[in-house]
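Student: Going line by line, the protein sequences match chains A and B.
Sequential numbering from 1 applies to the first sequence in this note's numbering.
Sequential numbering from 591 applies to the second sequence in this note's numbering.
Heads up, some of the hints might be wrong.
[Stated by the list, open to error] According to the in silico footprint, chain A covers these stretches of chain B (three or more CB under 8 Å from chain A):
id, region
1, 645-652
2, 798-811
[Stated by the list, open to error] Calculated pairs, SDA-like style, for lysine to any residue (alpha carbon to alpha carbon, straight line, at most 20 Å):
id, chain 1, residue 1, chain 2, residue 2
3, B, K812, A, R197
4, A, K7, A, R197
5, B, K795, A, D296
Derived from the structure by calculation, the hints contain no laboratory data.
Just so you know, even glycine gets a beta-carbon here, dropped at the ideal spot from N, CA and C.
In case you want the letters, here they are:
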Amino acid sequence: MKNVRPKADVAIVGLGWCGSLIAEELTRAGLNVVAIERGPWFETATDFPPSVDTDELRWDTRRGMLLPPAVETSTFRNNSNQKALPTRDWNLNEMGYNVGGSGTHWAGMAWRFTPFDLEPYTQTVKRYGEKQITDGLILQDWGVTYDELEPFYDRFEKIAGVSGKAGRLNGETIPDGNPFEGNRSSEYPLPPLEGMRLTDIFRDATKAMGYHPFMVPAGQASRAYVNPLGVRMGPCTYCGYCLYYGCGNFSKSSPNACVIPALMQRENFTVLTESAVVRVNKAADGKTATGVTYIDRNNQEWEQPADIVVLSAFQMQNVRLLLLSKIGQPYNPITKTGVVGRAYSFQTVSGANLFFEDENLNQFIGAGALSQQIDDFNGDNFDHSELGFIGGAGILVVARGARPIGNADLLPPGTPRWGKDWKKAYTHAFQNATFIFGQGTSYSHEDYYLDLDPEYTDDYGLPLLRVTFDYNENDRRSAKFIEEKSVAIGKAMGAKTVVGTNSASGHYSPYNLASDHTIGGAVMGTDPKTSVLNRYQQSWDMHNLFVLGASSFPNNAGYNPTGTIGALSLWTAKAIIEQYLKNPGPLVKV
Amino acid sequence: MKRREFLSSLAVLGVASTLPATGKAAEVSGGQPWEPGKIQTPPTPPRKGGLQFLTQHEFDTVGAIAERFIPADELSISGKEAGCATFIDRQLAGDYGRAATLYRRGRFIKGTHEQGPQSALTPAERYRQGLKALDAATRKRFGKAFVALSTEQQEQVLHAMEANDIDLGPDVDTKALFELLLQNVREGFLADPIYGGNKGMASWKMIGFPGARYDFRDLLSKKGQKLNIIPTSLIDNAL
């Protein structure tokens, strides 16, 4: 017998940032919304209060809050001549497994992308000509500009309670903000977090070098705050337990702290937890979605019919669901045609490890986004004419809390890894070792893509996603450039030993946790031949299917993705409410 | 639902698609559910005494390795004294030892370095197999089990393992075993004492880590200063 739930106006797959933000908008507009979440119900007071948070082994080393590879992983190879093998152990694909998704365990860096990041093709060709684009690089505009997204960035920052300082406000440049950011219509809702010794050293050194340091916008409330949904946040206590942890203080921006308490009050909202969506169901003519099929915790298959389907799972899961549902043409790397799985990329990270002589950095005091950064070498903020690449990186230091287990190998080169000499060196390094992180742009390449694995499956017998990826020439050049800049900054900061780091100097591996910001595979754009979604994140193939998240990004910026993911979700919500509901159909004509 | 219980149940059943019924509703609407008695609590400290996975000989071997990795000196007690072997025994008996969270479907094919571990063995199985192979290798070279070697000989063997310069037979990846042992000993030494190691918060006192503290606002003005904070652990929270 087929299990069918009552029809909903909207079925949402995955209740993280994207799912909760759009659910809040659509329920407020009166729609009946059912969200389906693979993980369990999860909230602050019950699941991650202060009395259990301070546990590195449980939450960080053993990744207690993440989706276990046993439940879902991907297979990986560096190129299409290799046999892909499953990524069996914890790795950089850090998917959420609870109500709140990855938004519960993220570090909290709450950025806007620059105008260039959303229009990289047009702006690159305009400034440098086609010759600047290396062979095989996929470079295309998103179809939405920064100015169009600005009000939605603004709304997201107010919902999330972001702490920061504007650099460009209504056309004016503000001292100590980021002078390279896109113009803002209002100041951050909260002032920046307090600086630490580490961020002070970085600020002073980079300022002396003529750069423009600023405090990174942080999803940690620097003051008590009530957001526009009426939800209260408590002030950050600088405990340092952010990345991989939930926040027990209601201070870190998260769906759990900022959105879901309001959403759960709506009578027209329901969430089905511990339920894994396995496909989007299609109408007989294949032109619309009729709902989704999911498997509940008792291994029963259910159908949730809906007029609108929103995929808002993790980037890789969105792509996998499209492929499993046979929606859109899969990318073919030989003919270079097809779109689903195309334009996948990661983030090109390089930087430097720093070892000071006699500091008390006290890095156990901090927050996931407590950072100073310079954007002088990010995006297109500098002249690339003679450099042979596009993009760059945000170069930062972060006082994000100390990890006694996790930092045990952050030692000067040549230091023994055990014995009395290790103990002595680690005791010194615990207060003196840190790093500069160059969070780089990434541009996808036609040789690298996502598809379904021909051999390995999950417990439902469904194929795993297969990742074929390595760094491309543009990545390698930009990473080397940023590594050199980072080493120079490290020396200027007064570190005794500075060691350049460059994740793109060798082959990519999912076990090199340079960053966890994977993107693309179901990208938005202006042309159905090179994108899965139109500028409203609406499927070109099925007008009542919307796909939200970093899977929409054709390229990655030198920033964390969450702010842009949030802004795009709100942008799509507005398009659905103001345009789609009145006249259901494609919002962009081909 | 506690995901640990969920995953443990899966491992015990060996049927990963059968989700056990739990106390929490799968359908949530009309406010945030809050069920007394369902809250997350710190992990229960391991029972004192006895062994849950390791044999006494394996336990003694792990203890000896912990003492070489983290010897007693003016900075701290040794890894063995800190309880690293007990920590490892309890970890191997639980979800970690069973590889409950890892992808375990075949085929198991050796891949590239970038593709990472492709072993069919769980951490617990790797200890059983690896420690046996280690003893076989030291018996061959020195005529004694690892635990019976002198301190210098033990150090020599561990250095050789670290350099991947000792053959532990066709089934054991020497370097990978070394990294597993080093990682787990460090975990035992540096994790919260609630897991059975880090006795008296010895490692935290050594490196100056304040432990399970959740509010540093009163220290924000003391940038760059030596703070000498007395650490606290989850054991205190569990009282």
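Student: Checking against the hints above, which ones are violated?
Tutor: 1, 4, 5
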